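Please construct the entire structure, taking both the sequences and the accompanying hints into account.
Here is how the chains run, residue by residue.
Protein chains: 4
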Amino acid sequence: MAENRKWRMGMVGGGPGAFIGPVHKMAAELDGRMELVAGAFSQSSEKSRLAGQAFRIDPARAYANYNEMIAAERIRKDAIDFVVIATPNNMHLPVAKAALEAGFPVMSDKRATMNYSEAEELEKIVAKCGLAYGLTHTYAGYALVREARHLCRSDQLGTIRKIAVEYLQGWLSQPIETTGQKQAAWRSDPKFNGPGGCIGDIGVHAFHLLEYVTGLRVTSLNAVLRTVVPGRRLDDDCSAMLRLDNGAEGMLMASQIATGEGNGLRLRVYGEHGSIDWKQEDPNRLRVKWADRPEEIRHAAAGYLGADARAVTRLPGGHPEGYIEAFAVLYREFADALDASRNSKPSPLPPTLPGIEAAVRGMRFIDRGIESSRRKNWLDF
Amino acid sequence: MAENRKWRMGMVGGGPGAFIGPVHKMAAELDGRMELVAGAFSQSSEKSRLAGQAFRIDPARAYANYNEMIAAERIRKDAIDFVVIATPNNMHLPVAKAALEAGFPVMSDKRATMNYSEAEELEKIVAKCGLAYGLTHTYAGYALVREARHLCRSDQLGTIRKIAVEYLQGWLSQPIETTGQKQAAWRSDPKFNGPGGCIGDIGVHAFHLLEYVTGLRVTSLNAVLRTVVPGRRLDDDCSAMLRLDNGAEGMLMASQIATGEGNGLRLRVYGEHGSIDWKQEDPNRLRVKWADRPEEIRHAAAGYLGADARAVTRLPGGHPEGYIEAFAVLYREFADALDASRNSKPSPLPPTLPGIEAAVRGMRFIDRGIESSRRKNWLDF
Amino acid sequence: MAENRKWRMGMVGGGPGAFIGPVHKMAAELDGRMELVAGAFSQSSEKSRLAGQAFRIDPARAYANYNEMIAAERIRKDAIDFVVIATPNNMHLPVAKAALEAGFPVMSDKRATMNYSEAEELEKIVAKCGLAYGLTHTYAGYALVREARHLCRSDQLGTIRKIAVEYLQGWLSQPIETTGQKQAAWRSDPKFNGPGGCIGDIGVHAFHLLEYVTGLRVTSLNAVLRTVVPGRRLDDDCSAMLRLDNGAEGMLMASQIATGEGNGLRLRVYGEHGSIDWKQEDPNRLRVKWADRPEEIRHAAAGYLGADARAVTRLPGGHPEGYIEAFAVLYREFADALDASRNSKPSPLPPTLPGIEAAVRGMRFIDRGIESSRRKNWLDF
Amino acid sequence: MAENRKWRMGMVGGGPGAFIGPVHKMAAELDGRMELVAGAFSQSSEKSRLAGQAFRIDPARAYANYNEMIAAERIRKDAIDFVVIATPNNMHLPVAKAALEAGFPVMSDKRATMNYSEAEELEKIVAKCGLAYGLTHTYAGYALVREARHLCRSDQLGTIRKIAVEYLQGWLSQPIETTGQKQAAWRSDPKFNGPGGCIGDIGVHAFHLLEYVTGLRVTSLNAVLRTVVPGRRLDDDCSAMLRLDNGAEGMLMASQIATGEGNGLRLRVYGEHGSIDWKQEDPNRLRVKWADRPEEIRHAAAGYLGADARAVTRLPGGHPEGYIEAFAVLYREFADALDASRNSKPSPLPPTLPGIEAAVRGMRFIDRGIESSRRKNWLDF
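Protein chains in written order, with the working numbering: chain A, 38 to 418; chain B, 38 to 418; chain C, 38 to 418; chain D, 38 to 418.
Read the hints as simulated data drawn from the structure, not as lab findings.
Any given hint could turn out to be false.
It does not matter which identical chain is meant; a pair holds if it fits inside one copy or across any two.
With a straight-line Cα cutoff of 20 Å, these simulated SDA-like cross-link-like pairs (lysine to any residue) come out [what the hints assert, rightly or not]:
no. : residue 1 : residue 2
1   : Lys413    : Gly284
2   : Lys382    : Trp327
3   : Lys84     : Asn41
4   : Lys134    : Cys166
5   : Lys84     : Lys114
6   : Lys228    : Thr264
7   : Lys134    : Ala108
8   : Lys114    : Trp44
9   : Lys316    : Ile334
10  : Lys43     : Lys161
11  : Lys219    : Thr196
12  : Lys43     : Gly69
13  : Lys413    : Arg280
14  : Lys382    : Asn414
15  : Lys43     : Arg269
16  : Lys413    : Thr256
17  : Lys84     : Gly69
18  : Lys219    : Pro353
Just so it is clear, the structure is predicted and the values come from calculations on it, not from any experiment.
Here's what the structure looks like:
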């Protein structure tokens, strides 16, 4: 059964009150190729134990901290195969470094690190150790994002001329970080979050989606970061004009004070012959508009989609897949990388799975955005 | 760890080429409270073995048929706790009967049985054995179906006057059952499917949703069943006018030859003061229209939703949950029933989980629909 | 200038409080080919005078009743060229008869007459006098209804198999006819409205749209008419199953107690290869779904539309045209008929303009619907 | 009848091939209070004559140029009451000046003038002559723009924090100005259009809508104007970041190379407690989102709308009104101003009708946008 066994994951973070830890678990396990078996779920060993119990793992493998987990697991016969990082940002680099140096591939929640210099450090570690490093830019896992990517990269839209990407949320319209809301609290504390509030929490998703889908690279930007809610310690609203390496231009808008919005990530790409429009809150449809023929709605799981999109759905057309399923696509591709690593090392990540390059690009975006806003001017990337 | 362990499931059906078997597994395991450990996945023992391998279960527990599974499992120390039925309809009653009589609770795919008399038999078995029997009317698991149900049952719409429910698919617009499409093949063969093609495959979902949400009961109907595609052996299109027990009337439309449609289940309920409109292909929104104030869109996971809706989401607003998650809600409620059965027997099903009553109602609907269509007239229910 | 002058219209009905009279005027005049110059706007000569003043016509031409108008106008040098009928239903036949027999072409609001026997009488009068008779089934004037018609009639959808047409309003959810609401009052009074409330007011629009777009003819129906609001004298809700002359079947749903709905006319037509979906409240888009390629949204005024659709828009794409513009298309085609009548008599109506045939069909539908509902059974058409 | 007569309009521009001239006529005449009686429709007297014939006016009143029209009309007994300007931009100031100085109120198509200094000149002329000057920022005429305005100005959304306005068209994605397309030709020729292509043609509409609805004023901007289509002489794409006088910030995006877009004007305004979202292509609905209650869709003509919105619809809910009707609202308000001028001079414009202040603001926006783009930097307004 050895070759058929599930890949075993150890998670850092994801303790009581966490949002993204349980999502990592559900996503990783959805396709039946991975299972959570260990974790250092909280800074508090009692909370870690409770989380382990809730996750129904062996109590002996709910560790008090990640160093303990790595030390204990590396000598087990049934050791974990990789480490998932689902902590606040400040722990991303330390955990990734410890895991990779101990020989464990890493799947990390985004933003990759606290700041850009950490990202450069991480890049060197990943290069040196030759292990898989994946970054959960969730939205890259949606089938119709794959279709959009295919349409852009196969030149069906013609030369890309204009891009509009936006990510609008309203949940931070009020200073809820002062009322004990855990998600808001660490995100608005530079010590845990690093510099860049809104730009780092969601702006970076928008930025990644733009580059992921179009294959273009941002070369300069002019950003305005604002802190709208009085007393907040980090930006909660961000706008930027962008230049792309093919001469196209773009607008990026990210906000967490867009009252009434849920999780409004949307990407529009305008080419010479056609354009695409994808919305995360309506993820199973892709609008494609053409200069001279009817607007199209492409539906997930349809037979006419490209191979990339068809590869990542589990259900027939009309049966909605959502956020967890998209997340699970990234884990599926990470499992592919682990499978491949049995035969070759270092084994490359599937090109559709965001990895260290996306990590460094994203941190660069945050860094340049903050600096551009400080200077109130354009800045090369 | 015993009290904390996952409930162990054994599946019948779900072998290579199956659609719904893997969905049962993903759904049951999503919340981490259940795990697939055994199965009789196919009529062919070789295919069952292959499916077991794909599902990564112990090869010894991939059985050649359900009798073998039940016999072997009931004497294991780590025996399965319940049986999932994911076979074509003809096996639903035999498997359910064998499982229940062997002491295993059952979670069954819908339609409950081949025909109405089988449903009556099943009802007696369930009553006698005192074990949990759940029926996966998936759509009952969506958060906003729960909200719709709450709005109807708490009388916020006023007296319900009119209902329109439709379930439109296009995948059987051509005779694909003659080309080896497995899903189409058994569904159009009376031997495996039983009487009632479209009405039994999807009409029954529409019927269930109507009664589930409104709390009303259909008392008579006038149905027209048609076989539109030449050579097909069962109906592929169904329309019906309905009368409800409170005097309201309704229209039900189900079709598998509605070219271009995916999985278009939609329910509209009109009350004296307001109305609701829910579409399965846009499941995270519920439209509520009022006589004298703005139309509303209620979003999944919003704080203003009723407790029933809020209880069944896993993600913050704006993060779409889909078909698998809705399916998993039913398994979560089945797990609740299993948990409860530790302390009391027989333990009742949660009222939100479709069970034997829904099974009998659904089979009655199919039976009366076919007969009404044969007589071309109204028929009491 | 004689050949270039506008066609002069005299209106019967449309006095103070009327809804549809002013719409007839705006629609008729929109394209600059017609002008309102005379009228008998109300049963009260004082109200007729006031309406004439509001319409800014010559006070001498605001008549006390239609007979007076016809008598006075036929001897004027600058006489009206045709008569518009915008009265309650009970006056439709008498006015049409008087006008036609006096040599005036007629543009009538729908429903054509009080009942079917009146429609038969009208048909004879029209045939005998050889003058243009148009019926304002407004929705036939929308560009994308023309496109839908073209798609159906040019067989691009393949054989039509199934039709769903619905017309849902909520404005009669309460007994507002008892509170002085003029529109509701006459519509719920058999003396002014004739038999058939909802079925005659809006059901007939749905029926017409179905036949207009598909080119098929209903051959039998099974209808249920209900009076939902207590004390109301006519039906306010109507459902029907339909059979078409090519073997297709359909569902028709019309209601005026569908709380929260505005003017929800929608037509869906399913063919073997594709289907269409048009909604009056979103009139500038037509959804076209195909078995094996992306869903389309066709937009009004787009270059890829068929000639019929392109002929009836006034504005570039993206500039919404609405109800008045659709109405005006029918008047434009009526003006075409008047233009043509200069050279040949009788001159045929443009085939896209509903006329006496549609009038008779519609009244037949109302008649058969009422009788079917009374018998609770299918009825040939 | 004198007091009841229609206001007589003389149009400059609107000859063969024009788009907006006929719209002015339809809009002005829709409510029956104005009529086109004279015009200088083209630079060519033959074309002007043909246009007059098509418009069915007295041939004697189809003039060869606007000076001739003004000279002839001012001495007629049945002279025009006001002048409509529907020419390319280069004629806006000369015609407005001539008309106003001859005593004729003016309704002008936007952009008000060629450049900002002309706007300042126009402002002085308007102030001096004391006559009504209206500017057809069409979109200000939609009912739900009025509702949005009311919501913003009555502080129901709380302090406005963020604004996103966009106006996306695709019709200039290719260099159609070189192929004889008349609309494209003059718009891309600085001699007829003035400086500022996209920013002046549609950007100015977006800018106006923003200020019109919110009541805020832009105080500085950072714009990027681009000419995407090779060989084009003016910008065809424009993006800008904006600062508002209450501290809010905004993004403005206007493009005529957004392939596949029709006339995509959209305004979103985010306040502390709620937000609004209005789209010109779906003009009869307004989305209102709240922090803590369901999203709303407000429908045109609904009873729950504010008085401003209810004042400008002609049809019951669910009967779409479109671009022409919105345009006609501005003419209706201009007619109100003319009515008022009978009793008092100068009579103020209704506050909801864009006038000279909007004209100057708009020209300032174009001017500052061009200069900001040239400097690649923020610029005070």
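Consistency of the hints with the structure:
Taking CA atoms no more than 20 Å apart as the test, Lys413 paired with Gly284 passes between copies only; the shortest distance there is 16 Å, against 22 Å inside one copy. In the homo-oligomer, the alpha carbons of Lys382 and Trp327 never lie at most 20 Å apart, since the shortest distance is 44 Å inside one protomer and 47 Å across protomers. Taking the shortest Cα distances, Lys84 and Asn41 sit within 20 Å of each other only across copies (17 Å), while inside one copy they are farther apart (33 Å). Proximity of Lys134 and Cys166 under a CA criterion of 20 Å is satisfied intra-copy only: 10 Å inside one chain copy versus 57 Å between copies.
Taking the shortest Cα distances, Lys84 and Lys114 never come within 20 Å of each other, neither inside one copy (26 Å) nor across copies (32 Å). Taking CA atoms no more than 20 Å apart as the test, Lys228 paired with Thr264 passes inside one copy only; the shortest distance there is 17 Å, against 45 Å between copies. In this homomeric assembly, Lys134 and Ala108 come within 20 Å of each other (Cα to Cα) only inside a single copy, at 14 Å, whereas the closest approach across copies is 51 Å. In this assembly of identical chains, Lys114 and Trp44 lie within 20 Å of each other by CA distance solely inside one copy; the values are 13 Å within and 26 Å between copies.
Both within a single protomer and between protomers do Lys316 and Ile334 lie at most 20 Å apart by alpha-carbon distance, with minima of 12 Å and 17 Å respectively. In this assembly of identical chains, the alpha carbons of Lys43 and Lys161 never lie at most 20 Å apart, being 29 Å within a copy and 41 Å across copies at closest. Neither within a single protomer nor between protomers do Lys219 and Thr196 lie at most 20 Å apart by alpha-carbon distance, with minima of 44 Å and 27 Å respectively. In this assembly of identical chains, the alpha carbons of Lys43 and Gly69 lie at most 20 Å apart whether taken from the same copy (7 Å) or from different copies (15 Å).
In this assembly of identical chains, the alpha carbons of Lys413 and Arg280 lie at most 20 Å apart whether taken from the same copy (16 Å) or from different copies (13 Å). Neither within a single protomer nor between protomers do Lys382 and Asn414 lie at most 20 Å apart by alpha-carbon distance, with minima of 44 Å and 50 Å respectively. In the homo-oligomer, the alpha carbons of Lys43 and Arg269 never lie at most 20 Å apart, since the shortest distance is 44 Å inside one protomer and 43 Å across protomers. Both within a single protomer and between protomers do Lys413 and Thr256 lie at most 20 Å apart by alpha-carbon distance, with minima of 17 Å and 16 Å respectively.
In this homomeric assembly, Lys84 and Gly69 come within 20 Å of each other (Cα to Cα) only across copies, at 19 Å, whereas the closest approach inside a single copy is 27 Å. Taking identical chains as interchangeable, the C-alpha atoms of Lys219 and Pro353 lie at most 20 Å apart only when they sit on different chains, with a minimum of 14 Å there against 38 Å within one chain.
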